[in-house]
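One-letter residues, chain by chain:
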Amino acid sequence: MSDVQRRIVLDPTSERHAATRPRLARLPSLAGRTLGLLDISKARGDVFLDRLASLLRERGAAVRRYRKPTFTKPAPVDLRQEIAVHCDAVVEALAD
Amino acid sequence: MTSAAAAASGAHAAPHPGAPPLPEGLVAFVKRECPTCALVEPVLRKLAAAGALTVYTQDDPAFPSGLGPVDDRELSVSWHHRIEAVPTLIRVVGGAEAARAVGWHRGEWEAVSGRRGLGAGLPELRPGCGSRSEDPALAPKLAARFGAGRLRARRVELAELEDESEALFARGWSDGLPVVAPTEERVLAMLEGTTRDPQQVVAVVPPDLVPCTVEKVAINAVLAGCRPEHLPVVLAALEAACTDAFNAHGILATTMPVGPVLIVNGPIRRALGMNSGRNVFGQGNRANLAIGRALALVVRNVGGGRPGEVDRATFGNPGKLSFCFAEDEEGSPWEPLSVSLGAPAGASTVTLFAGEGPRCIVDQLSRDPESLARSFAGCLRALHHPKIAVAFDCVLAVGPEHSRVFREAGWSRKQLLERLHALLQLPGDELVRGAGGIAEGLPESVRGASIPKFRPGGLLLVHCGGEAGLFSAMIGGWAGGPLGSTPVWKEIGP
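Chains as they are written, first to last, in the numbering used here: chain A, 118 to 213; chain B, 3 to 496.
Hints in this document: simulated from the structure, not taken from any laboratory. All of these numbers come straight from a predicted model, not from anything done at the bench. Mixed in with the good hints there might be a few duds.
As the list claims (entries may be wrong) - Residues from chain B that face chain A, not an exhaustive set, calculated with beta carbons under 7 Å:
| hint | residue |
| --- | --- |
| 1 | Arg156 |
| 2 | Val158 |
| 3 | Leu160 |
| 4 | Leu163 |
| 5 | Thr185 |
| 6 | Ala191 |
| 7 | Val304 |
Heads up, the beta-carbon is just placed ideally off N, CA and C, and yes, glycines get one too.
Take these sequences, add in the hints, and give me the full structure.
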């Protein structure tokens with residue numbers, strides 16, 4: 118009768134865990150590097166990123182600016198790919 | 003005689019998947035404890051003498067003696083071929099069932115067997131007995147034993163000392179309230195609520211973008227407390243939620259307090275006993291509560307959208323547990339919401355709206371439509387902030403005592419919406435940042451302009467609520483339109 122005692126339920130989840138990926142190593146220096154600044158289209162994100170851009174340039178970094186079409190949705194794949202190809206690091210601005 | 007003709011003409015349900023094939027010729031299902039089976043024993047002997055006959059016996063492997071019965075005490079053959087009563091006589095041609103007679107009926111048996119003069123001396127008609135595979139104590143266990151192969155989900159065994167309810171909380175499958183254990187038997191019963199294949203992918207569920215099968219939806223519907231007949235609504239709601247237009251990812255991730263609001267239209271409201279009247283947004287109706295909860299649990303468990311993780315709401319709202327209701331179409335002066343959005347009249351649909359909790363609009367004195375429309379506009383203007391416009395959508399739920407005013411004045415849905423949009427053209431000078439001593443507002447560029455509170459299509463009317471009370475309600479939305487979320491409707495399929 119042990120079969121009767123066993124209580125089996127079905128897993129309601131996706132049965133997978135999001136793949137964890139190690140973070141890239143921190144850049145040893147900003148000099149000569151290209152940094153992407155991603156504006157997610159929230160109000161005043163541009164103010165924050167303008168200031169950040171000038172501070173980064175003072176430290177010898179090249180700065181490229183990007184913008185998501187809307188903050189409500191994930192960045193389009195093409196945009197992410199473009200940033201990954203051209204930049205050594207990226208700063209994403211979340212502002213209100 | 004109509005039913006006899008139908009039975010003998012082969013109008014029967016297809017066997018369960020994986021059914022063992024029946025042998026060619028005539029096949030009979032019997033059990034010894036059934037008096038009708040004993041009655042037809044001589045008929046079976048006559049058929050066996052005349053050609054190929056295979057008898058499956060459900061209780062006594064020696065019955066009927068001399069006919070070499072096949073032992074089906076495990077009921078696998080009976081269950082798979084959906085034998086509902088014994089005796090059942092089936093004609094098999096080319097491996098497929100061609101005709102079936104249930105119980106003893108001379109005309110049917112002669113039609114199925116193609117033999118004349120059967121059962122001389124027997125009554126014309128004698129009903130059979132219930133098949134053992136339909137025994138209420140056995141049927142769910144048989145469904146689990148023989149049907150569980152259709153289920154692909156990982157089996158999780160609960161330990162002997164675990165409390166069942168606590169175990170489901172501990173695994174993180176609950177929204178904070180107790181859930182129903184998704185056993186194989188319950189999930190198989192839930193799947194009876196749809197004709198769709200359990201392994202069919204319904205939608206790709208955010209935020210983890212997981213292809214979600216009908217089976218996974220059924221498991222979560224069991225957790226939520228759904229009945230099988232609720233499942234088609236949950237499936238349609240999930241399809242609607244996982245469109246780019248509805249943008250379930252953004253609704254989950256936003257700091258604003260919105261979640262999916264489900265509005266059901268069409269005949270299925272009555273079939274499921276859904277509430278569109280008193281306490282329509284409140285507690286007490288199983289279909290309303292369980293359907294909305296099932297969708298939220300799919301997003302949580304399959305999509306991986308959990309509060310504090312991707313769900314970053316500042317406040318949230320209690321409707322994120324479940325916010326689902328039906329429109330009162332019968333009492334409405336207007337065509338259903340679904341029809342106004344383009345759905346066919348008479349179709350059962352579910353419309354998804356990204357909404358927060360409802361807020362009451364009180365007007366107990368207006369008896370003409372213009373006055374009442376002005377009350378609505380005054381309340382709607384303040385949605386989220388009186389100085390923010392063309393940003394957020396809204397559902398205006400008009401109660402029966404308010405809708406009567408528009409009915410008596412002959413105002414259509416379109417007419418009321420047009421009047422509200424006209425009343426909600428706001429002067430830009432009042433909206434600019436700093437105006438009224440309030441920093442919040444729109445950019446200086448709107449000064450001198452007239453700005454609408456709602457984008458075109460951003461204000462939805464629905465008719466619901468109890469018959470007493472001069473109230474309406476508003477359900478505030480989120481960033482409306484293509485850059486945020488657009489209301490999406492889907493037809494509810496079988």
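Status of each hint after checking the structure:
Proximity of B/Arg156 to chain A holds as hinted, the smallest CB-CB distance being about 4 Å (cut-off 7 Å). Checking B/Val158 against chain A by beta carbon gives a least distance of about 5 Å; that is within 7 Å, so the hint holds. A cut of 7 Å between beta carbons decides the hint on B/Leu160: the least distance to chain A is about 4 Å, and the hint holds. Against a cut-off of 7 Å between C-beta atoms, the interface hint on B/Leu163 is violated, since the closest Cβ of chain A lies about 11 Å away.
Contact between B/Thr185 and chain A, as hinted, is supported at the beta carbon level, the nearest pair being about 6 Å apart and thus within 7 Å. Contact between B/Ala191 and chain A, as hinted, is not supported at the beta carbon level, the nearest pair being about 12 Å apart and thus beyond 7 Å. The interface hint given for B/Val304 is met, as the beta carbon of that residue sits about 5 Å from the closest beta carbon of chain A, less than 7 Å.
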